[in-house]
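Fit chain B to the given chain A structure using the hints.
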Amino acid sequence: MRPKKILSVLLLSLLALPSVFFSAHATSPDMLRFTPLRFNPPQPEKLGLSNGMEVYLLEDHELPLITVDVLVKSGTLHEPQDRVGLYQIMADLMLSGGTTSRSPEKVDEELESQAAEVNISLGPEYGIATLDVLSEDIESGLDIFTDILRNPGFDQDRVDLRKNQELESIRRRNDNPFNIAARFFPAYLYGRDHPLGSYVEEDSIRGISQTDLHRAHADLFYPQNLTFAVTGDFNKARIVQLLENHFTNWESSQREQSDIPEPKMYRGEPLVLFIRKDLNQSTILLGQTSLKRTTDNTDIYALRVMNEILGESSFTSRLFREVRDKRGLAYSVGSYFDTSSYAFPGDWLAFAQTRAEKTVETTSIMIDVVEGMKAERVSDQELQLIKDSLANSFVFGFTDSTSIARQRLILDFRGYPQDYLQSYTARIGDVTAEDVQRVANTYLKLEHLIIVVVGNEAYFEQPLSTLGQVVTIDPAE
Amino acid sequence: MKHMRIFLLMILILLPVTIHGQSIEERVTEHNLSNGFKVLMLERHTSPTVALYILFKAGAVDEDPDSVGIAHFLEHMLFKGTDTIGTTNYSGEKELLKEIDQTGTALDLERAKGVDADASLVADLEERLQELHVEANRFIVRNEYESWYTRHGAQGFNAATSKDYTLYMVELPSNKIELWAMLESDRLKNYVLRDFYTERQSVLEERRMRVDTNPFGSLSERFLSAAFQNHPYGVSIIGMPSDINLLSKEKANRFYRDHYTPENGVIILVGDVYPDKTLPMLERYFGVIPAKRPAEKVPAKEPVQRGERRIEVEFDAETTVMIGYHKPTLPHEDNYVFDMISGILSYGRTSRLYKNIVDRGIAVSAYSYNGHPGERYDNLFIFAGAPRAPHTTEELEEAFYEEIERLKREPVEKTEFDRVLKLVDAAFVRALQSNSGMANWLASSEATAGSWRYMLTWREQIHKVQPEDVMRVARIYLLEENRTVGVLVKSDQR
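Those protein sequence lines, which keep their order, are chains A and B. Here my numbering is used: the first residue of the first sequence is 1, the next is one more, and so on. Here my numbering is used: the first residue of the second sequence is 1, the next is one more, and so on.
Everything labelled a hint here was simulated from the structure, so no lab data went into it. Predicted model only: the values in this text are computed from it and were never measured. Mixed in with the good hints, there may be bad ones.
[What the hints assert, rightly or not] With a straight-line cut-off of 25 Å between C-alpha atoms, the simulated PhoX-like cross-links for lysine-lysine are:
{"hint": "1", "chain 1": "A", "residue 1": "K163", "chain 2": "B", "residue 2": "K249"}
{"hint": "2", "chain 1": "A", "residue 1": "K326", "chain 2": "B", "residue 2": "K464"}
{"hint": "3", "chain 1": "B", "residue 1": "K297", "chain 2": "B", "residue 2": "K249"}
{"hint": "4", "chain 1": "A", "residue 1": "K326", "chain 2": "B", "residue 2": "K355"}
{"hint": "5", "chain 1": "A", "residue 1": "K106", "chain 2": "A", "residue 2": "K163"}
[To be verified] Using C-beta positions, here's what the derived DEER-type ranges look like:
{"hint": "6", "chain 1": "B", "residue 1": "D316", "chain 2": "A", "residue 2": "E256", "range": "40 to 50 Å"}
{"hint": "7", "chain 1": "A", "residue 1": "G429", "chain 2": "B", "residue 2": "N158", "range": "25 to 35 Å"}
{"hint": "8", "chain 1": "B", "residue 1": "N190", "chain 2": "A", "residue 2": "E357", "range": "48 to 58 Å"}
[Claimed, not checked] Some chain B residues near chain A, calculated using beta-carbon distances under 10 Å:
{"hint": "9", "residue": "F157"}
{"hint": "10", "residue": "A160"}
{"hint": "11", "residue": "E178"}
{"hint": "12", "residue": "D195"}
{"hint": "13", "residue": "F315"}
{"hint": "14", "residue": "R419"}
{"hint": "15", "residue": "K422"}
{"hint": "16", "residue": "N482"}
C-beta atoms are modelled at their ideal positions from N, C-alpha and C, and glycine is treated no differently.
Isolated chain A, as found in the complex (with noise of 0.2 Å):
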């Protein structure tokens, strides 16, 4: 070492770090020094009600502002197949329909002059209800929220307008090639008569009737399928007396859920979906399924840090280098990895949207990217990289008391021990290059991949028959 380099570290060394450091001497990246970031994010009290209902409380003034999410443990999964959208439309309606004792007119305008949202959500797995109000609004806001929930009126113009609606955006769902990529990849990897591929259509959206709708509300918003969070500026006993008023005198019944059948997953050769659109660029989707979530599953670890490689990471993953940096053949190329299905296995995918003529290419250039996550470790430097990344970017799963409540709400769901989120990043930190490649060979299986193509043929380079077996879609199927 120079002496000039030798002085500096010394000079470094002997400095006292205040709470906030600065490397007064550092000229490059890798001489800079950072004081440990502290952080202790608060943990939400879980409480009951007196019929049993869990709430957690995360008290916040920061703001003037209360959030009351509401956690519906089950999710369009259990849609009766020939109702296909029903319950997402039902939730719509829930906000839009008005409720047995205000018109969809007086809902809308009580909500707008509070400055309240409501927002209801459902997945395959679960939903979540928000009510964000104004502190000073609680109790106006936790009434109308509370009527929302438990007395949805599914007012008939409504009704209509809605479906109405949907049939538009049936109409419109071949205007986007991604959309129509993303509706056919689940389709053919779950197959259409089952929850998790099928989609919506005409007929399934004119059936739907207010029978319908009360039925899959009552399915869904029943007490003991529900659980609390409420994060924000409010008076703890306050709060609990609101909802203990409100809720506790919510009749309980179990609602039986019926079995879902499994999916037929597709385990054939590799298969080509192709969609003709006459476009410039051509969108590629291509996967499979992934896993089917276990709580003691240690595989996610390594399967996160595979996943951020291949590509995730934003601008550093292997998909982004070859595809886009290296070669300029997409904007927007990328992987998601799936790791928070239950019920059935998820699904994993890569995707690119690249010029026409160059589409077999660069299907082959993203398959060849996959294989080499399988065939050889990762370097040491690309394995240390994502484990930093995910170790020192984890404070953002925390920087505001709703996502911290609702990770709590959810994580208990699921039945994860309490130290789960703890010990999250030292199991990052032990996933070994052996690991990653370990998973890449379990998890992304390429001998029945399936491969979507939206464009136009004319345009390819090569037929896509040198892909695969190929199958044409006409999207207005």
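Just chain B now, kept in the frame of chain A:
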């Protein structure tokens, strides 16, 4: 929804909302570094994270006519590293990059001749460029600049170019602020435009994604070029393919020299930041960038529109419509009135367009917003939407025009003003929950109004809007001869 976000960004207001007893005005500190670089800091210690934004008050509207797309492309190119980051050896690379530039430019110019191009010259230049790329690639350390941020826990690392300004954004854990200062000041001082021609290909793909294959993007581009016949607000930010194919390093360096000066920049830190401790560090890194006057750009003036313009764009997608009326921009008094009109018409489920058009099933979307496509210069008030079949865009247009006539005819009730003001107040409170949201708001005010303090006066002004102001403004500007209409028509393709 896009329009809601724009609305919020435009009209976030300041009011007696306090965080722990301090008003926003008290919490924002403002300083100038020794070279004129402005620094804004807003403290918020709820989590040990910080949003770190750098704004340059130059965007697509400032481009020279021969450099359409250069503002956006330069933004891309500033991710390629410096003379120390992203390269194994810059002195070895330097000569190669120069030759790549010369060969690339010669190739571009020859190709641009179209059918008159010398085919064998083009082939020779292509081959030479390919050889040079292979050599130059050996020096590249790919994505090294981005890797620094990724490694240290960055979120939302990105940049954006609008008509009005360019923004470089990242969020980091708050113990990493110096890393950001070092990396950002380094690239402002020592950027190197490597991988130029490959990145141009990515930008062509971006254009295909945002415009060629995107119904709304296609309509929007054609609509703006019809609405603005002289002013550069009518020119595409990303550029036409022919523009992109003629972007050169010379043009990129020129735009940088003209506009990326400390006097034209604003450094914004929102979150877990301590101004007293941080300012000297910012001076050390950013204050040494040489001061330079930015180039004065006076864009071509848009003549008064004297008749309706209508354009159609054929696309393989269902029909939509976009309508724009010319109007003055902030801080003209009529602009506040337009902000209020936008709220009355389009903010929330009980707004007029939502109740009278969407809830009646004429359209699946129908909205308005103020200040398109930028706010530094006189701009447009927009109506847009998608009809619900069997209703047509003609019917949707008629529905919009009825609402406009009503604004001219009937004074707006006080309750409607109050509704908007209440929603706006609450939206601002909510925005305070996000460091990046606040940083964005500070940046856009600085860029379009010259100071974040613009929002301090905005609230006063919007509270002063009266029913007769709405009628007056509607009667002056919302006229057929002042409107441009763009309709996306479904092409009959099989």
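Identify every previously stated hint that the structure contradicts and give their numbers, smallest first. 1, 2, 4, 8, 10, 16
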